[in-house]
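If you read the protein sequences in the order shown, they are chains U and V.
Letter 145 of the first sequence, counting from 1, is numbered 144 in numbering that gives the first Met the number 0, and no numbers are missing.
Letter 234 of the second sequence, counting from 1, is numbered 233 in numbering that gives the first Met the number 0, and no numbers are missing.
Calculated from the structure, these hints are not laboratory results.
There could be a bad hint or two in this list.
[What the hints assert, rightly or not] Okay, the calculated bits of chain V under chain U, using three or more residues with CB under 8 Å as the criterion:
1. 99-111
2. 123-131
3. 140-149
4. 158-169
5. 259-268
Heads up, the beta-carbon is just placed ideally off N, CA and C, and yes, glycines get one too.
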Amino acid sequence: MKVAATPDRRAAGRARPRRSHLGDWLRPLPYVLPSIAVIAFIFAYPLVRLARESTQQSYAGMTQDVGFSNYQFVLTDSDFVTAVTHNLLLLCICVPVLIALSVIFAILMHETVRGRRVYQVILFLPYVLAIPVVSVLFDYLLQLNGGLNTILRAVGLGVLAKDWLGSEAWALPSLMFVIIWKELGFGIMLFFARMLTLPAELWEAARVDGAGWWRLHWHVTLPQLRSIVEFYAVVEGITMLSWVFSYVYVISNGTGGPGTSTLVTELYVYKNAFGYGTNNLSIASAASAILFVGTVVIMFINFRVRRIELHASHA
Amino acid sequence: MQDVVASSRPAGRRRTLVIGPGTVVRQAILLLATAAAVLPLYVLVTAAFKTQNGYLASPLGLPIPATAAAFGEAFGNGFLRWLINSVAISFTSVLITLVLASLAAYAFSRLPFPGRGVTFTLLISLMVVPPIVMLIPLFELMSDLSLTNTYQAVIIIYAGLMLPFSIYLLTSFFNTVPRELLEAAAIDGAPHLRTLVTIIIPLATPALVTLGIVNLLWAWNELLIALVLLQDDSMKTLMVGITVFQSHYNLDIPVTMAGLLIATLPIVAIYLAGQRFFVQGLAAGAIKE
Numbered sequence: 000m001k002v003a004a005t006p007d008r009r010a011a012g013r014a015r016p017r018r019s020h021l022g023d024w025l026r027p028l029p030y031v032l033p034s035i036a037v038i039a040f041i042f043a044y045p046l047v048r049l050a051r052e053s054t055q056q057s058y059a060g061m062t063q064d065v066g067f068s069n070y071q072f073v074l075t076d077s078d079f080v081t082a083v084t085h086n087l088l089l090l091c092i093c094v095p096v097l098i099a100l101s102v103i104f105a106i107l108m109h110e111t112v113r114g115r116r117v118y119q120v121i122l123f124l125p126y127v128l129a130i131p132v133v134s135v136l137f138d139y140l141l142q143l144n145g146g147l148n149t150i151l152r153a154v155g156l157g158v159l160a161k162d163w164l165g166s167e168a169w170a171l172p173s174l175m176f177v178i179i180w181k182e183l184g185f186g187i188m189l190f191f192a193r194m195l196t197l198p199a200e201l202w203e204a205a206r207v208d209g210a211g212w213w214r215l216h217w218h219v220t221l222p223q224l225r226s227i228v229e230f231y232a233v234v235e236g237i238t239m240l241s242w243v244f245s246y247v248y249v250i251s252n253g254t255g256g257p258g259t260s261t262l263v264t265e266l267y268v269y270k271n272a273f274g275y276g277t278n279n280l281s282i283a284s285a286a287s288a289i290l291f292v293g294t295v296v297i298m299f300i301n302f303r304v305r306r307i308e309l310h311a312s313h314a
Numbered sequence: 000m001q002d003v004v005a006s007s008r009p010a011g012r013r014r015t016l017v018i019g020p021g022t023v024v025r026q027a028i029l030l031l032a033t034a035a036a037v038l039p040l041y042v043l044v045t046a047a048f049k050t051q052n053g054y055l056a057s058p059l060g061l062p063i064p065a066t067a068a069a070f071g072e073a074f075g076n077g078f079l080r081w082l083i084n085s086v087a088i089s090f091t092s093v094l095i096t097l098v099l100a101s102l103a104a105y106a107f108s109r110l111p112f113p114g115r116g117v118t119f120t121l122l123i124s125l126m127v128v129p130p131i132v133m134l135i136p137l138f139e140l141m142s143d144l145s146l147t148n149t150y151q152a153v154i155i156i157y158a159g160l161m162l163p164f165s166i167y168l169l170t171s172f173f174n175t176v177p178r179e180l181l182e183a184a185a186i187d188g189a190p191h192l193r194t195l196v197t198i199i200i201p202l203a204t205p206a207l208v209t210l211g212i213v214n215l216l217w218a219w220n221e222l223l224i225a226l227v228l229l230q231d232d233s234m235k236t237l238m239v240g241i242t243v244f245q246s247h248y249n250l251d252i253p254v255t256m257a258g259l260l261i262a263t264l265p266i267v268a269i270y271l272a273g274q275r276f277f278v279q280g281l282a283a284g285a286i287k288e
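All chains, full assembly: derive it from the sequences and hints.
Following this line, the structure appears as structure tokens:
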């Protein structure tokens, strides 16, 4: 029968570190082992296999070791460079826009009493929808003769009716628009929820001083939201780098946009592994490995930066 | 939810905001945002209830008379099967995840063991690894095990992907359970499993519900894994189905929209029902950051 070991500590009464014994080690096993088993199966084994296969090539059933030539190929492949560039563009454009818009809308919602509930539900709705659903919907709406252009032409703004998804110039911006449309709700809710926990006096003092809207929120609200904005930035940042497959695949019909205008790293891997006419699992493996290393590096940097900030704020 | 509204008028007068862009401007901007959020959904819902001709005649009008013919055609073209697949796979994987994560979180929270901290950190750092990285080896593994086109393969992969975040969340939550409650149970000689089930789980119900909904959302909406592992038409999930569907039924808008609705409504319904948990859960989880 399992019994908690508190009596020991109580009886001892002195500050002595508990020596670990077999019971300590065995007791958690049935609780932790199932999870660890599943995680090892899904993460550990594939990573090991990935590392191995990315240094190999297979021809007609034979595999041979080719060292780093797969990596070399990927890193010098213009498609890969394009893909990474697009991920970075998504990161550098979508994330700031998302933050700015969510903060503004959250503030506006917070300051509005009438209809707040309705706004809450509706503005969060896009985030709840499935990415493939949203992508198919917008794939239709953004066609040359789709919903958006129909409306534009109907109100006489036909000159603005571009080939949103079919032209190389507009495909990536259209993709960004769809991503922002969907991800915005998350930020709005996050910041709004946080603001609800802040006391009203916070703003009242500044208002009494006669601060204008922009100054008020820049100096009072934003500092309070800082940690949660950082959280949101990190989450959305990671999303832009490696969680946008569904958006791109559906909107570009698996191609990566007209030409390569909406190609992203995930799609690069997918196309190389499962695309028509290619079955280059080794190239795709190398690209996956590069992506993994990139993710780890970025997380590490992020972790370090936060540590530094934490220390700085205590100084 | 309090009304956080500044009041600088004497009590008894209606509270209004004194400064700012003004209520009109504020409402206008919010309405604009709402319209942008709602318009695509409006098209989605209304188109699904029209006939193709009715749609072409009036893309933005209300569906009068409304017809459910598009739904019938969608169901008849695979959506029923895909719906069943999505439900089976999502619910099973979420259930497994919740059980496994609860057990593990209990250990990480209440059972000190050597290496606990390191294991925990390692486990939850896996949260940020994008599935695309594991995609190819997993596909090969499942092929080797002849598990492609099966529920099991996708279920276990989903569970694996959802576990790190779930363990992280539940451990944080379990850590907030007051020690006294647990020590009382320990003194009574209660075995750990009983403590977990009778004390911690009931307290953790809001967290579990939130986690369940968040995970369900993720699993239901997942595309990449399902796309690669479920190639048989009869095994596809809704998400894979609609992706494939749109290229076949490109021209029949109502049927496509009906299909999208079928793929969306269950989750939206769950969201609207569990909405309170959602906002609370997000706020609670994020405020810890």
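Verification of the hints:
A count of 9 residues in the region 99-111 of chain V with a Cβ less than 8 Å from any Cβ of chain U is obtained; the coverage claim is therefore met, three being the minimum. Proximity of the region 123-131 of chain V to chain U, defined as three or more residues with a beta carbon under 8 Å from a beta carbon of that chain, is established by the 6 residues found. With a cut-off of 8 Å between beta carbons, the region 140-149 of chain V has 1 residues touching chain U; three or more are needed, and the interface restraint is violated. Residue count for the region 158-169 of chain V with a Cβ under 8 Å from a Cβ of chain U: 6. That meets the three needed, and the coverage hint holds.
With a threshold of 8 Å between beta carbons, the proposed coverage of the region 259-268 of chain V by chain U holds, since 5 of its residues qualify and at least three are required.
Of the numbered hints given earlier, the model fails hint 3 alone.
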